[in-house]
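*Asks:* Protein chains in written order, with our numbering: chain B, 1 to 283; chain H, 1001 to 1245.
Possibly wrong hints are sitting among the right ones.
Stated by the list, open to error - Straight-line C-alpha distance at most 30 Å; calculated DSBU-like pairs for lysine-lysine:
1) H:K1083 <-> B:K176
2) H:K1019 <-> B:K264
3) H:K1139 <-> B:K176
4) H:K1005 <-> H:K1075
5) B:K175 <-> H:K1011
6) B:K175 <-> H:K1019
7) B:K264 <-> H:K1075
8) B:K36 <-> B:K176
9) H:K1153 <-> H:K1068
10) H:K1015 <-> B:K264
11) H:K1005 <-> B:K175
12) H:K1015 <-> B:K175
13) H:K1068 <-> B:K264
14) B:K176 <-> H:K1011
Stated by the list, open to error - Beta-carbon label-pair distances, calculated as ranges:
15) B:V173 <-> H:D1218: 48 to 56 Å
16) H:E1239 <-> B:F273: 35 to 43 Å
17) H:Q1009 <-> B:L55: 52 to 60 Å
18) H:A1112 <-> B:V28: 22 to 30 Å
19) B:F273 <-> H:D1109: 30 to 38 Å
20) H:T1012 <-> B:L136: 53 to 61 Å
21) H:N1037 <-> B:R272: 29 to 37 Å
22) B:R272 <-> H:T1012: 27 to 35 Å
23) B:F33 <-> H:G1163: 31 to 39 Å
24) B:N189 <-> H:D1010: 30 to 38 Å
25) B:F33 <-> H:D1215: 52 to 60 Å
Hint data in this document are derived by calculation from the structure and do not stem from the laboratory. Cβ coordinates follow ideal geometry from the N, Cα and C atoms, glycine included.
Next come the chains, spelled out residue by residue.
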Amino acid sequence: MPPSNATISRWTGYVSTAAHLIRRDLRVFRNEFWGKFIDTGILLFTTVTIFAYFLPSYGLASEYGPFILIGAIAGFGFFEVIGKVSLMIADIEGDRTILYTLSLPIPSWLVFVYIAVSWAIVSSIIALLMFPLGKLVLFSQFNLGKIDWCKLPLIFMASNLFFGFFALWLSSVLKKMSSLTHLFVRVVNPMYCFGGWMYSWQSVNDLSWAIGIAHLVNPLLYVMEGMRAATLGQEGYLPFWFSFLGLCGFTAILGWDAVRRLQKRLDCVPSRFQPSEDLVHSL
Amino acid sequence: MRSVKKRYQDKTFVKEALKGISLEILEGEVLGLLGVNGAGKTTLSSILAGLHPCSGGDVLYRDESIYKNIVSYRKDVGFCPQKPNLDLSLSLEENLFFAGRYHGMASNDIRARIADLMDQFDLHEYANAKASVLSGGYKQRFLIARTLIHSPKFIILDEPTVGLDPHIRHQLWEQIKGLKKGGASILLTTHYLDEAEILSDRVCIIDAGVVKTLDTPDNLKHLHQMRRLEDVFIKLIQESDYAAK
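Just chain B, same shape as in the assembly (with noise of 0.2 Å):
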């Protein structure tokens, strides 16, 4: 059965807010745009340099600058977005103004996606921007010809979608700011160097299945071997479709997660909340 006109206008009316709430973030960014650029451009050079400059004279693939190119794109968006949860913890921990947020005509659990995409799309711009920089330090050795135009859009948006719901779902699961350190050490740095930004999952896989296997339950390695796939050509790197479907099937299970937690947390009513019928009618 087709959507009533009622439940289009309802829908139209939480996108539309959805929608003003990122261009509202986005308005915000545009603020501290130009200082994340130049920060982020600055460790893409010096990162992107070493690798295919400097390191190769002891003995590193000459390749290996396009490759570590990905790596460091990916990993700038990652740790852009993670960022963010410092501040989402310390508003709760704090003032509490997505209170406000979350008292505006939309569901809760669209508030929630709200932020996830808003975070995604503030690290896909910065990310987005180290593509051209790349291409100017790595010059020749970076092939645009290789780039399937069709995959790297797409495992773009689900990679940058990926860091968004991860740091939400982080939010969610970090119950005060003193422990964000340890979140650090023993969750996304480990994560962050066992994600493959360094090394395929195909040189792990040949050097011990188990490990390659184990590298599986990582989703980070799936954004490093989509991303490679699609710029650097699929020889190599886990198949394009699996790292994609892998990364979407983390992203919705992280997405759930997250909303469910931080509905719990910070008390919001539930989509389907139906108040207690015995008290309402012992009067």
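Starting from the structure of chain B, add chain H where the hints point.
*Replies:* Just chain H, lined up with the frame of chain B:
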């Protein structure tokens, strides 16, 4: 509100913040909600704002549970929280513009409404300034202005004058009186008894999650043979403390 209860539960304790509160807010009235710290005022106003669910009972708006369509109910509510939650990096105009957009208002309507609110709350001077530069009094004033952007029918003001100097408090009182003239129903949560006496049509005193009394300020003073509402409040709270002991 019908028998509204709110329980907070942790691994180690269970707190019953509201123990079955029933009260009615009439159209066009200012209901003052009074109580000591921890009495349940903010919990009650958050539930009425549709922010938190109640643990028991129900909240009715126009004879229908607000939980049937909480999103639609929120369109009619303006909630001004205790702590300012403005976008400090945006200008006042931008703050108001986005607030209007969140409520589905058209650009032209928002611009006209912004001009009205800037007049009403004497904020023209700061229209293009960032919210971060405002003093405490102006911040509070602006917070109320933002609450009103979508012309809500039911306004919840949670301790709007807390921490402000007497001069600014009196200015805000005039603005709250103006809102009442506009026909909105207002729930005013406050610690200041003089404020409640001057602004409220009726006052509701709650203590430890229950309604102690609900009447007009004059009736309460008459009933308890007191000259000031503050004396009535102190008497009722002392009685409550004595009964608890």
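*Asks:* I want to verify a distance hint. Is the separation of the beta carbons of B:R272 and H:T1012 within 27 to 35 Å?
*Replies:* Between B:R272 and H:T1012, where Cβ atoms are some 30 Å apart, the hint holds.
*Asks:* For the pair supplied as a hint, H:K1068 and B:K264, is the alpha-carbon distance within the 30 Å limit?
*Replies:* holds, 20 Å
*Asks:* Holds or violated: H:K1015 with B:K175, Cα cutoff 30 Å?
*Replies:* Satisfied, since the Cα-Cα distance of roughly 20 Å is no more than 30 Å.
*Asks:* Taking the Cβ atom of B:F33 and the Cβ atom of H:D1215, is their distance within the range 52 to 60 Å?
*Replies:* holds, 57 Å
*Asks:* Between H:Q1009 and B:L55, does the beta-carbon spacing fit 52 to 60 Å?
*Replies:* holds, 56 Å
*Asks:* Are H:K1139 and B:K176 close enough, with their CA atoms no more than 30 Å apart?
*Replies:* Answer holds: H:K1139 to B:K176 is near 29 Å, not above 30 Å.
*Asks:* Mind checking the hinted window 31 to 39 Å against the Cβ distance between B:F33 and H:G1163?
*Replies:* holds, 35 Å
*Asks:* B:F273 and H:D1109, beta-carbon distance inside 30 to 38 Å?
*Replies:* holds, 31 Å
*Asks:* Can you confirm whether the C-alpha distance between H:K1005 and H:K1075 stays at or below 30 Å?
*Replies:* holds, 24 Å
*Asks:* Just tell me: holds or violated, for the beta carbon distance of H:A1112 and B:V28 against 22 to 30 Å?
*Replies:* At roughly 25 Å between Cβ atoms, B:V28 and H:A1112 fall inside 22 to 30 Å, so the hint holds.
*Asks:* Against the 30 Å threshold, does the CA-CA distance of B:K264 and H:K1075 hold or violate the hint?
*Replies:* holds, 23 Å
*Asks:* Mind checking the hinted window 30 to 38 Å against the Cβ distance between B:N189 and H:D1010?
*Replies:* holds, 32 Å
Hint check: no violations occur; every hint is consistent with the structure.
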